[in-house]
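Undergrad: Sequence:
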Amino acid sequence: MAIDTATAQQQVLAAADSLFYERGVQAVGMDAIRTASGVSLKRLYQLFPSKDALIEAYLHQRDQQWKDMLAEHLDAATDPQERILAVFGFLHDWFTQHDFRGCAFINSFGELGAISPKVAELTKQHKAGFQRVLTELAAAAGAADPEQLADHLILLSEGAITRSAISGSAEPAQRAREAAVLLMRASLP
Numbered sequence: 001m002a003i004d005t006a007t008a009q010q011q012v013l014a015a016a017d018s019l020f021y022e023r024g025v026q027a028v029g030m031d032a033i034r035t036a037s038g039v040s041l042k043r044l045y046q047l048f049p050s051k052d053a054l055i056e057a058y059l060h061q062r063d064q065q066w067k068d069m070l071a072e073h074l075d076a077a078t079d080p081q082e083r084i085l086a087v088f089g090f091l092h093d094w095f096t097q098h099d100f101r102g103c104a105f106i107n108s109f110g111e112l113g114a115i116s117p118k119v120a121e122l123t124k125q126h127k128a129g130f131q132r133v134l135t136e137l138a139a140a141a142g143a144a145d146p147e148q149l150a151d152h153l154i155l156l157s158e159g160a161i162t163r164s165a166i167s168g169s170a171e172p173a174q175r176a177r178e179a180a181v182l183l184m185r186a187s188l189p
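Okay, so the sequence shown: first residue is 1 according to UniProt numbering, each after it adds one.
Think of the hints as simulated: they come from the structure by calculation, not from any bench. Hints are supplied without guarantee of correctness; some may be wrong.
Cut-off 30 angstroms, straight-line C-alpha distance, at most; resulting in silico cross-link-like pairs (BS3-like, lysine-lysine) [what the hints assert, rightly or not]:
| hint | residue 1 | residue 2 |
| --- | --- | --- |
| 1 | Lys124 | Lys51 |
| 2 | Lys67 | Lys118 |
| 3 | Lys51 | Lys67 |
| 4 | Lys127 | Lys42 |
| 5 | Lys127 | Lys51 |
| 6 | Lys124 | Lys67 |
| 7 | Lys51 | Lys118 |
| 8 | Lys67 | Lys127 |
Simulated restraints, written as ranges between beta carbons of each label pair [said to hold, decoys possible]:
| hint | residue 1 | residue 2 | range |
| --- | --- | --- | --- |
| 9 | Ser50 | Gly142 | 41 to 49 angstroms |
| 10 | Ala144 | Ser40 | 20 to 28 angstroms |
| 11 | Ala6 | Gly102 | 40 to 48 angstroms |
| 12 | Ala27 | Gln65 | 16 to 24 angstroms |
| 13 | Asp75 | Pro49 | 33 to 41 angstroms |
Using N, Cα and C, we set each Cβ at its ideal position, and we do this for glycine too.
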């Protein structure tokens with residue numbers, strides 16, 4: 001029985017997400033995606049005409065998942081300063097996921113950023129989106145210079161992501177949160 005296009009696309013993206021995130025985008029071929037998804041190679045290429053197109057769809061999906069997880073944590077906090085600290089709660093929860101392998105965008109950029117302008121652009125867009133969220137949070141908390149505070153917070157966040165991926169520990173999220181508290185004391189009224 002043939003599966004509909006939306007279901008086939010979901011199966012392929014789920015397989016790509018798992019394999020690309022676990023092994024890296026260059027290490028995974030379309031045959032591995034076919035096998036993991038259960039979608040024929042012909043159908044796979046109908047849905048995604050190239051591996052580059054599949055990588056782009058994977059990164060778009062990761063971006064949306066990341067935004068949704070972050071928003072869930074931010075929406076749980078009402079106080080403007082607590083909303084900033086909720087970012088680090090989000091990071092901690094993300095780092096404790098059994099399949100955490102760091103940032104999919106940083107990983108993909110590291111593999112393909114120099115040769116794939118699209119991967120580089122999607123990575124820049126994702127990071128710029130996070131920067132905007134942090135700037136908005138800093139402004140809502142009353143920072144005199146929201147962009148500067150956001151710059152500091154993103155460095156803490158990105159450093160925590162990298163440290164956690166390398167160490168296999170969620171502890172960097174806690175250390176980054178502690179540093180964020182100190183920054184906030186110096187930057188907020």
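Undergrad: Could you run down the list of hints and mark each one as holding or not?
TA: Outcome of the hint check:
no.: 1; hint: Lys124 / Lys51; verdict: 20 angstroms, holds
no.: 2; hint: Lys67 / Lys118; verdict: 20 angstroms, holds
no.: 3; hint: Lys51 / Lys67; verdict: 24 angstroms, holds
no.: 4; hint: Lys127 / Lys42; verdict: 34 angstroms, violated
no.: 5; hint: Lys127 / Lys51; verdict: 23 angstroms, holds
no.: 6; hint: Lys124 / Lys67; verdict: 15 angstroms, holds
no.: 7; hint: Lys51 / Lys118; verdict: 12 angstroms, holds
no.: 8; hint: Lys67 / Lys127; verdict: 11 angstroms, holds
no.: 9; hint: Ser50 / Gly142: 41 to 49 angstroms; verdict: 48 angstroms, holds
no.: 10; hint: Ala144 / Ser40: 20 to 28 angstroms; verdict: 58 angstroms, violated
no.: 11; hint: Ala6 / Gly102: 40 to 48 angstroms; verdict: 30 angstroms, violated
no.: 12; hint: Ala27 / Gln65: 16 to 24 angstroms; verdict: 21 angstroms, holds
no.: 13; hint: Asp75 / Pro49: 33 to 41 angstroms; verdict: 37 angstroms, holds
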